[in-house]
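Student: Listed below are the residues making up each chain.
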Amino acid sequence: MASLDSRSNTRPGSNRVLILFAHPAQDQSEINTPMFTMASAVEGVSCVDLYGQYPRHDIDVAAEQERLRQHDVIIFMFPLYWYSTPALLKDWMDLVLEYGFAYGKDGTALKDKYLLPVISAGGAEAAYQQNGYNHFSIRELLRPLEQTANLCLMKFVAPFVLFGSRTAVEDKRVEQHFQQWRHLLQALVAGKVDLKKAAKLEHLACDFEGLIK
Amino acid sequence: MTHYFVQAFIYLVAAVIAVPIAKRLGLGSVLGYLIAGVVIGPLTGLVGSETVTIQHFAEFGVVMMLFLVGLELEPRMLWAMRNKLVGLGGLQLALTSLCFAALGLAFGLDWRIAVAIALMLSLSSTAIVLQSLQEKGLAKTEGGQSAFSVLLFQDIAVIPMLALIPLLALPELIAAAGAGAGADEHHHESLSLVAHLPGWLHASVVLASVAAVVAGGRYLCNPLFRFIANTGLREMFTAAALMLVIGIAALMSLVGLSPALGAFLAGVTLASSEFRHELETDIEPFKGILLGLFFITVGAGINFGIISENLLLVIGAVVAVMLIKALVLMLLAKLFKIHASDSWLFFLSLAQAGEFGFVLLSFSQQNHVLPKDLAAILSPVIALTMFLTPLLFIFYEKFVVTRYQKHGAEQQDERVDEQGTVIIAGIGRFGQIINRLLLANDVPTVVLDHSASMVQRVAKVNIKSWFGDASRPDLLHSAGIEEASMLVVAIDDKERGLALVHHVKKFHPKVTILARAFDRSHGYELSHAGADIVISETYYSALELGGEALKALGQHAFKVEQMKAAFDKTDKQAREHMYAEWAKGDEEQRFTRSYLDLFLEVERRLAKAIKRNRVEGHDNSEGGWTPPPKAYLDDFD
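Just so you know, the sequences run in chain order A and B. Quick note: to get my numbering, add 380 to the position in the first sequence (first position is 1). Residue 219 in my numbering is what sits at position 226 of the second sequence, and the numbering runs on without skipping anything.
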């Protein structure tokens, strides 16, 4: 857990950003793994590859809770699997967000921290609509995460999503997404993202420019 | 006898003094040998005309080197190199020969002489270039690989050249030789199968001999080596290896062919033999010494008398040879997209004439192609270009590399990234599994085992391994420990395993060492010796079986998984403490009282860790999937 606080940033007005990355097939990843690599080069961002650290799902609960305490913005970064997180991130939530730590009596360790999902989704944005084949918007589908944040007294931020991720490289849509990702991280660290506004959007790309102060 | 001792002593003294000094000054061993040769030869006259005889003997070093190069090259790899080999090598030879032939014609030489000279000058020095590339660690760079392709093509091209040269014989020289009747040409070729055969029969005998070498290497050598290896006599194996190489050289000489090429062919056919690394290890020292001797004789053979008589001609020829060769190579580097520092290495390293030039020179003379006076001038020209080559290598290192290091730091990084091979010592039941896992993931492995029968046994299930004792440093060297990224120690001899870890940690600190331990104390000793990762051979299988026991007793499978994980985690943490405690004890008394106390303490901790998983409550953070307290809904009111 060497990466725990080495790169944390404690300047006033700035945020300590933690990325919990969950991807079980990184050798085939075209979107998430490059984004994770980019993120690890941004100062003030701690990067954790959950599948790399816990290949046998043997999550170290105490260390993970300590890690959460040390950061202000928690990013869950994952490819959307069946409208939810990959199994290890769900395991992580089941184990780490304990009664008495994250919720319930005296469970206030995560109070006022932000939770931001960063997702790649296979379907096109048009599919994530009432009349699309997924019938629900991405924000609606992520409600379990949103309510988890609520119960933990955290502030949920609208997701940063890349739709149609399986063909994004071929369609040359990744460059813009990567650029926004780097921009977003730097702005988060510097405390220059209007998080109140971000909480209300459907997803961040809807008004990306308007978010950065 | 005394005379030989004195002479051998002079050569050895010269080498022992000059080479280390040259090396220390950053000049490389080749230049050291050459200078040593100049000092004992033309400069002080300690050695004289016998250098020619010794050179014939020392050329055997080149034979051995090509045998070793062949061993490194499986036919498959040779095939994969074919484009570079034929394209780059073929064009180099053709273009360079054309330039030299045209130059010769322009100077009014007979066309046959011009062609013969062009051919011998188009060849570069395999001995100097390969030795320098390996010594300076440049053999694996793109420039080095390209240079090697060209050299190999040249070595192959010597066969048709040797067949071609008799056809270029000058009628007037044959007549002169006939008139002279005695003719000393055949003085060291007196034993020849083909001397008086007509050209076509000569060619077919040559082809038959080559076929014999290939067939022998493929079908006879392995059974023979296996038989010898099973006797367990080291020196017999060395003798057999020498017998093989010398036998091939003798056969090739008998049919008037380059022994180096025969040896190369034999090497290639033996490249996939399980005895490859053992052969390399046995031949390597002989090659080193003979090659050194060869370089000394090149230095000693430089005839300053002839040079000073034809000073301008010789200097002009040396400059012309190197310049033309370099220009042709530069053009080819452009054509084959060899860039930056690699291109420099490519054309600087190959811009000389070589030892095969000498061979062709004397061969041309024997076959009445070249007049004596011309040959006498060509000989120092070839020698001087060879002498200048180590200087070009120094130029490359001092100026080119530093310049490109500043410009292309990124390019350098990519090379570091290249994945090295994994050497696995021991292919018993433990090593086999590791090898299969790595190979299934396309990781290149080199497997060594000291039992020839084991090597043969695993070959039946398609596991390729090499015969040899991995705890011998020279064998590790042949197996490529310098380039390896990792060593897996899986030999079933505790002491030799430890010695191996010790040695590799000390001399190759960059290599990651993974070791199999028999028990706890062996594990500690391995860690102490410097192994990076140590796994006890029984630990995980015992843990698995223990888990099966719990399951059979009715525990839920997932719960058992968690128990095993908790056990493993606690044991791993404890191992560090226990190792530290063990290391405090002295050699005699490793398992001290405090170690035993710690061991018992660990057992208690282990039981506690397991139990903690069973009790309810949130005061500990080690638990998992523990439900919230029964009354927790009151919190939300």
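Hints should not be assumed to be uniformly reliable.
SDA-like cross-link-like pairs, simulated, lysine to any residue; straight-line CA separation at most 25 Å [to be verified]:
1. B/LYS503 / B/VAL394
2. A/LYS491 / B/LYS552
3. B/LYS601 / A/GLU478
4. A/LYS491 / B/PHE629
5. B/LYS601 / A/PRO404
6. B/LYS562 / A/LYS535
7. A/LYS535 / B/PHE629
8. B/LYS565 / A/VAL441
9. B/LYS565 / A/LEU531
10. B/LYS601 / A/GLN445
11. B/LYS557 / A/GLN445
12. A/LYS470 / B/ALA243
13. B/LYS544 / B/ASP525
14. B/LYS557 / A/ASP474
15. B/LYS365 / B/THR619
16. B/LYS552 / A/GLN445
17. A/LYS470 / B/ASP628
18. B/LYS623 / A/GLY571
19. B/LYS562 / A/CYS427
20. B/LYS457 / B/VAL394
21. A/LYS470 / B/LYS503
22. A/LYS470 / B/LYS623
23. A/LYS493 / A/PRO524
24. B/LYS565 / A/ALA443
25. B/LYS552 / A/PRO404
26. B/LYS601 / A/LEU475
27. B/LYS544 / A/PRO524
Derived by calculation from the structure, the hints in this document are not laboratory data.
Student: Can the restraint linking B/LYS565 and A/ALA443 be considered satisfied, given a maximum Cα separation of 25 Å?
Tutor: holds (17 Å)
Student: Please verify whether B/LYS601 and A/GLU478 have alpha carbons no more than 25 Å apart.
Tutor: Measuring from Cα to Cα gives roughly 21 Å; hence the hint holds.
Student: Within a Cα-Cα threshold of 25 Å, do A/LYS470 and B/ASP628 meet the stated pairing?
Tutor: Measuring from Cα to Cα gives roughly 24 Å; hence the hint holds.
Student: Taking only the CA atoms, is the gap from B/LYS557 to A/ASP474 under or equal to 25 Å?
Tutor: Holds: B/LYS557 and A/ASP474 sit about 20 Å apart, inside 25 Å.
Student: Does A/PRO524 sit within 25 Å of B/LYS544, going by the straight-line distance between their CA atoms?
Tutor: With a Cα-Cα distance of about 35 Å, the restraint between B/LYS544 and A/PRO524 is violated, given a limit of 25 Å.
Student: Can the restraint linking B/LYS365 and B/THR619 be considered satisfied, given a maximum Cα separation of 25 Å?
Tutor: Distance of about 98 Å is beyond 25 Å: violated.
Student: Keeping to a limit of 25 Å between CA atoms, is the pair of B/LYS562 and A/CYS427 held or broken?
Tutor: holds (24 Å)
Student: Quick one, are B/LYS623 and A/GLY571 close enough, alpha carbons at most 25 Å?
Tutor: It is violated: about 41 Å lies between the C-alpha atoms, which goes past 25 Å.
Student: A/LYS535 and B/PHE629 were given as a pair; does the straight-line alpha-carbon distance stay at or below 25 Å?
Tutor: holds (18 Å)
Student: For the pair we were handed, A/LYS470 and B/LYS503, check the Cα-Cα distance against 25 Å.
Tutor: Violated. A/LYS470 to B/LYS503 sits at ~40 Å, over the 25 Å cutoff.
Student: Please verify whether B/LYS565 and A/LEU531 have alpha carbons no more than 25 Å apart.
Tutor: Not satisfied, since the Cα-Cα distance of roughly 36 Å exceeds 25 Å.
Student: Would the pair B/LYS552 and A/PRO404 pass a check requiring their Cα atoms to be no farther apart than 25 Å?
Tutor: holds (23 Å)
Violated hints, in rising order: 2, 5, 6, 9, 12, 13, 15, 18, 20, 21, 27; the structure is consistent with all others.
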